[in-house]
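Engineer: Sequence:
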Amino acid sequence: MVSIRCKMLVKAELEALNLHFRTVELGEIEIIENITPEQRIQLKKALALSGLELMDDKKAILIERIKGVIVEMVHYAEEQPKYKFSEYISEKLQYDYTYLANLFSEVTGTTIENYIISHKIERVKELLIYDELNLTEISYLLNYSSVAHLSMQFKKVTGLTPTFFKKLKHRKRTALDNV
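Residues 983 to 1161 (the numbering used here) make up the sequence shown, in order.
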């Protein structure tokens, strides 16, 4: 689960199955009662119809939790952590970062760092399209060391400068689920 829409959809499916829950977070659901195998199958089918997956594999669940922490951090947090992302992710998930990084790379084929960069660039695109902040403000908001660093990373990922991207009439963003 990567978006707020996914969370809403999961909540609706749980309610439709009369399952009570404490929390529905990105990549994690806490159901109050024990669910029967029949309810589990119904939930799995209902989620599959919406393009979501009920996961049992602990590694896959942890990968989704890592992705959820990154999406929340980059797209929904009021401000970026002022310390290393590795420390932030490790602290949030209560796992050693080296273990998380190795697992993430093994399962996804990319590094956590590259995943963060992809999401930060999508966030930069979004902010450029909104046109409410200038590049200096965006670089500060996303905790880049400088506008030059943001611009260099943006060009490396997209092939365009932020200024050129902003001038395009058909600006293309990637859906968060596909980053």
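These aren't lab readings, by the way, just hints derived from the structure by calculation.
Incorrect hints may have been included.
Claimed, not checked - Heads up, simulated PhoX-like pairs for lysine-lysine below, C-alpha to C-alpha not over 25 Å straight-line:
| id | residue 1 | residue 2 |
| --- | --- | --- |
| 1 | 1040 | 993 |
| 2 | 1066 | 1027 |
| 3 | 1064 | 1074 |
| 4 | 1066 | 1138 |
| 5 | 1041 | 1027 |
| 6 | 1074 | 1040 |
| 7 | 1041 | 1026 |
What you are looking at is a predicted structure, and each value in this text was computed from that prediction instead of being measured.
Engineer: A separate judgement is required for each hint: does it hold in the structure or not?
Structural biologist: Hint-by-hint comparison with the structure:
1. Restraint check for residue 1040 and residue 993: the C-alpha separation of about 22 Å stays at or below 25 Å, so the hint holds.
2. Pair hint residue 1066 plus residue 1027 does not hold up; C-alpha atoms about 39 Å apart against a cutoff of 25 Å.
3. Only pairs whose Cα atoms come within 25 Å are accepted, and residue 1064 paired with residue 1074 is accepted, the gap being roughly 14 Å.
4. For the hint linking residue 1066 to residue 1138, the alpha-carbon distance of about 22 Å falls within 25 Å, and the restraint holds.
5. With a CA separation close to 21 Å, the supplied pair residue 1041 and residue 1027 stays within the 25 Å bound.
6. About 17 Å separates the Cα atoms of residue 1074 and residue 1040, which keeps this hinted pair within 25 Å; it holds.
7. Restraint check for residue 1041 and residue 1026: satisfied, since their Cα atoms lie roughly 18 Å apart, inside the 25 Å limit.
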